[in-house]
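Enquirer: Below are the chains, spelled out letter by letter.
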Amino acid sequence: AQSVTQPDIHITVSEGASLELRCNYSYGATPYLFWYVQSPGQGLQLLLKYFSGDTLVQGIKGFEAEFKRSQSSFNLRKPSVHWSDAAEYFCAVEALQTGANNLFFGTGTRLTVIP
Amino acid sequence: GAVVSQHPSRVICKSGTSVKIECRSLDFQATTMFWYRQFPKQSLMLMATSNEGSKATYEQGVEKDKFLINHASLTLSTLTVTSAHPEDSSFYICSATTLLDPGLTDTQYFGPGTRLTVL
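First to last, the protein sequences are chains L and D. First residue of the first sequence: 1, per our numbering; consecutive thereafter. First residue of the second sequence: 1, per our numbering; consecutive thereafter.
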């Protein structure tokens, strides 16, 4: 069965520091991979996605993520965090590569940014 | 592009009443829409998947008679919580995807959510 693990429930970083949010998945084939961000009381905004090709993908707001097949990981990074990045981050996996299929979400990582 | 709206953003209702939540794709045609429920500080739980013009497919444990889903057009899906009770209070989020625009396929675009409070 597919699963997504975000091992860090809560991360606190200082503004301007670098950030890495971890995501590991369990799936038999290479899935489609996504990172979404959710601000309090809001829906989810797509940050970036990986389907195939270059394993380093660039997203919005200065985020990037790297797909590592050998580690079944898709970690999200940002070189310099801004206070506005404080939010909940969800990693998600689409299990099948045809059409619009279900997303399996991790439990989320809450990011706190301190001045 | 790929904007999804939800209405209302929050609703308070009395126990026993029904509440309808709308999900609209504003700038694309959504061939599939999803409804999720999110409890405080938790991840999203998929409730059901609906394809335009077809009956929704509900996840295990979700009561189809309680959570009525209609996807009558390519831009609108509705979730009706029937005979709502306090335990139905939650944050409901819809998402939409399409097979009609190659630039948007294989990605779910989410609405801003609806906060339902049942008194």
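Possibly wrong hints are sitting among the right ones.
Okay, derived cross-link-like pairs now, SDA-like style, lysine to any residue, Cα gap no bigger than 20 Å in a straight line [to be verified]:
#, chain 1, residue 1, chain 2, residue 2
1, L, K68, L, V57
2, D, K41, L, K49
3, D, K64, L, P79
4, L, K49, D, T32
5, D, K41, L, P79
6, D, K41, L, I11
7, D, K41, L, P7
8, L, K61, L, P79
9, D, K64, D, K41
For the record, the hints were derived by calculation from the structure and aren't laboratory data. Given the structure is predicted, the values throughout are model-derived calculations rather than measurements.
Enquirer: Can the restraint linking L/K61 and L/P79 be considered satisfied, given a maximum Cα separation of 20 Å?
Expert: 11 Å, holds
Enquirer: Run the distance test for D/K41 versus L/I11: straight-line Cα separation, threshold 20 Å.
Expert: Holds: D/K41 and L/I11 sit about 14 Å apart, inside 20 Å.
Enquirer: D/K41 and L/P79: Cα distance at most 20 Å?
Expert: 26 Å, violated
Enquirer: Does the alpha-carbon distance linking D/K41 and L/P7 stay inside the 20 Å limit?
Expert: 15 Å, holds
Enquirer: Hinted pair, alpha-carbon criterion (20 Å max): D/K64, D/K41. Please report holds or violated.
Expert: It is violated: about 25 Å lies between the C-alpha atoms, which goes past 20 Å.
Enquirer: For the pair supplied as a hint, L/K49 and D/T32, confirm whether the alpha-carbon distance does not exceed 20 Å.
Expert: 19 Å, holds
Enquirer: Within 20 Å, alpha carbon to alpha carbon, are D/K41 and L/K49?
Expert: With a Cα-Cα distance of about 24 Å, the restraint between D/K41 and L/K49 is violated, given a limit of 20 Å.
Enquirer: Compare the distance between the alpha carbons of D/K64 and L/P79 with 20 Å, and conclude whether the hinted pair is satisfied.
Expert: 45 Å, violated
Enquirer: Please work out if L/K68 and L/V57 have their alpha carbons no farther apart than 20 Å.
Expert: 12 Å, holds
When each numbered hint is compared with the structure, violations occur for hints 2, 3, 5 and 9.
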